[in-house]
Amino acid sequence: RRSQTDAYGYKLPNAKTNLKTPVNGGTVYTTLDSGLQAYLETLMTDVQNKYEPKGMTAVLMSAKTGQILAATQRPTFDASTGEGLGDMWRDSLVEDNYEPGSVMKIVTLAAAIQSGKYHPNDYYQSGSIKLDGGTVNDWRTGGWGSIPLSKAFPLSSNVGMVKIEQAMGAGIWKQYLDKFRFGQKTGITLPGETSGHISFERPLDQAITSFGQGIEVNVMQMLQAISAVSNGGKMLKPQIVSKVISQNGKTKVYKPEVVGQPISKETAAQVIDAMRHVVNDEDGTGVAYKMPGVDLAVKTGTGQIASPQGGYLTGDSNYTFSVAGVAPASDPQYVLYLAMKQPQKMTEPAESILASIFKPMMQRALDTTANGAVTDDTNTATIPAVTNAALTTAQDSLKQANFDVATVGTGNKVVQQLPTS
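17 is the number of the first residue of the sequence shown in the working numbering; add one for each residue after it.
Certain hints may be false.
As the list claims (entries may be wrong) - Straight-line Cα separation of at most 30 angstroms, DSS-like style, residue types lysine-lysine; simulated pairs: (1) 146 to 133; (2) 429 to 415; (3) 146 to 201.
As the list claims (entries may be wrong) - Per label pair, the in silico range of CB-to-CB distance: (4) 156 to 323: 17 to 27 angstroms; (5) 420 to 269: 49 to 59 angstroms; (6) 281 to 411: 25 to 35 angstroms.
Hints in this document: simulated from the structure, not taken from any laboratory. Don't be surprised by glycine CBs; every beta carbon is placed ideally from N, CA and C.
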């Protein structure tokens, strides 16, 4: 409806009003698997309640298509209390930037191998390295002595990654950051996506990006980059919409989209093998994620969080802890990426907390049959019909059926329910 108004917004006398007939929207079909999504929500809620992290994200993606099969975040809207309702539309998966930490070493290793600058049998002195007026330290005080570069990845040595970045040179390293499309939106069909940011002015800036510091990304950018490793070098655009049927019946199908090939199939296989060592080596940082009978490849991460006063926050829990995993490593079907920010009740190591989500979720995905049905039993329930019922009656009916209830709006009568009965 359009009409002429005065400066205060009041309709002018005898002004014409133009009416435009509303058009029905299209029907959107997502790539999400309802069973996997529900299971991930349960696992995430359990961790949220027990450890109270300030934020969590989790995404399960098809390794061969880029389709998002399950995705969620915390905090989110609490249906029982209404807490978070004002922020329920904020999508941390694309709107929030963060420093990815050591999961970024997947990209560093891939770039070094592809460029021919990776020499795994060369030795270096771990622990710390001075560079450009600053010092880069390994997470383990004093490091591991003199070790081959082949150990830098499973041990998650920052100094080793700096050595690898220096062997490539800043110019080659930046070329690969561009090839992996960091600093660019993925273009996933979700609103509000950020581009991220790369600090690359000084030698120290250039070096620390090799272990995920001084570079800001969103979750979908990391998944897109990892897809090049899981998909034989071909990088896939993350996809959450499978098709849209317009109001006039026309169907638009969204097919898997390759957005580049930053590395070869052979390089991807070498990186996958290095990720196997992270979980299988006794001193690897990913031993907590080991799953009996599963050929698993992972990389862990501990990203620092910038302090409002400058520098980075300190303290055992003031990090973004993360893990990226690919399974089966011999023929990747799934990529699972988890990130957890500042758990307030860190009664267990971060890797144990994340493993309580990662292992059952990855196992559930692997147990999923070709037609999308889960092989074990899944509980189902019928939602009562409460539209047009009195509010209190509707709430009682849903709670008796063991459903969480959220009320949006005012009044004493239910005018619409979601999901429908």
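Hints versus structure:
1. In summary, the hint linking residue 146 to residue 133 is supported, as the alpha carbons are separated by about 21 angstroms, within the 30 angstroms threshold.
2. Our distance criterion of 30 angstroms between C-alpha atoms is met by residue 429 and residue 415, whose separation comes to about 17 angstroms.
3. In summary, the hint linking residue 146 to residue 201 is not supported, as the alpha carbons are separated by about 34 angstroms, beyond the 30 angstroms threshold.
4. Against the hinted window of 17 to 27 angstroms, the Cβ-Cβ separation of residue 156 and residue 323 comes to about 23 angstroms, which satisfies the hint.
5. At roughly 34 angstroms, the beta carbons of residue 420 and residue 269 sit outside the given window of 49 to 59 angstroms.
6. Restraint check, residue 281 to residue 411: a C-beta distance of roughly 56 angstroms breaks the suggested window 25 to 35 angstroms.
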